[in-house]
Amino acid sequence: MFAVEVRDHIMIAHSLSSPVFGPAQNMHGATFVVDAAFYTRDIDENGLTVDIGLATDALKAALDPLRYGNLDEIDAFKGKITTTEFLCKHIFDQLAATVRTKGLGDNGRIVKIRVQLHESHVARAWYEGEL
Numbered sequence: 001m002f003a004v005e006v007r008d009h010i011m012i013a014h015s016l017s018s019p020v021f022g023p024a025q026n027m028h029g030a031t032f033v034v035d036a037a038f039y040t041r042d043i044d045e046n047g048l049t050v051d052i053g054l055a056t057d058a059l060k061a062a063l064d065p066l067r068y069g070n071l072d073e074i075d076a077f078k079g080k081i082t083t084t085e086f087l088c089k090h091i092f093d094q095l096a097a098t099v100r101t102k103g104l105g106d107n108g109r110i111v112k113i114r115v116q117l118h119e120s121h122v123a124r125a126w127y128e129g130e131l
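So the sequence shown is residues 1 to 131, counted in the working numbering.
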């Protein structure tokens, strides 16, 4: 399996509305380093898994609606607890939609995506799924 991984980051605000989160129930900020890996079973005739520029653009487009925003105010997230794991799946879904509409020019070769959010230098979460 081949993979290309690209990176970006987002700064967000949110609260986690369950007692299990202790003080994080209050509004707080987070800066996430975001990695997105695109997997194929082979490389194309140019030796590519996926074009890094297109992958970078796709990740940026998936993150832009969240960037510098308060997640508590996003309609699609109403009633949701926007944990790091939740955000990984949300970003995965955005990237998967881009791949399905041929937005990465991979000709249907991408078979899996993994989205990883680094909360800090000691904690991270990810979601990965087949396409």
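Calculated directly from the structure, the hints in this document are not laboratory data.
Careful: at least some of the hints might be erroneous.
Between beta-carbon pairs, the in silico distance windows are [unchecked claim]:
| hint | residue 1 | residue 2 | range |
| --- | --- | --- | --- |
| 1 | Asp75 | Gly108 | 29 to 39 angstroms |
| 2 | Lys112 | Glu45 | 19 to 29 angstroms |
| 3 | Gly103 | Phe21 | 15 to 25 angstroms |
| 4 | Ile43 | Tyr68 | 14 to 24 angstroms |
| 5 | Met1 | Ile74 | 27 to 37 angstroms |
| 6 | Ile43 | Arg7 | 17 to 27 angstroms |
| 7 | Asn107 | Val20 | 15 to 25 angstroms |
| 8 | Glu73 | Val111 | 14 to 24 angstroms |
| 9 | Val33 | Phe2 | 34 to 44 angstroms |
No experiment lies behind these values; they were computed from the predicted model shown.
Glycine included, every Cβ here is placed at the ideal spot set by N, Cα and C.
Against the structure, the hints come out as follows:
1. For Asp75 and Gly108, the Cβ-Cβ distance of about 32 angstroms falls inside the hinted range of 29 to 39 angstroms, so the restraint holds.
2. A beta carbon spacing of about 21 angstroms between Lys112 and Glu45 agrees with the range 19 to 29 angstroms that was offered as a hint.
3. The given range of 15 to 25 angstroms is broken by Gly103 and Phe21, whose C-beta atoms sit roughly 35 angstroms from each other.
4. Between Ile43 and Tyr68 the C-beta distance comes to about 37 angstroms, which lies outside the given range of 14 to 24 angstroms.
5. At about 34 angstroms, the beta-carbon gap between Met1 and Ile74 stays in the expected band of 27 to 37 angstroms.
6. The hint said 17 to 27 angstroms for the Cβ distance between Ile43 and Arg7, and at roughly 21 angstroms that hint holds.
7. The hinted window of 15 to 25 angstroms between Asn107 and Val20 is violated, with their beta carbons roughly 44 angstroms apart.
8. Checked against the hint of 14 to 24 angstroms, the pair Glu73 and Val111 fails, with Cβ atoms roughly 35 angstroms apart.
9. Separation of Val33 from Phe2 is about 23 angstroms and departs from the stated range, judged on CB atoms against 34 to 44 angstroms.
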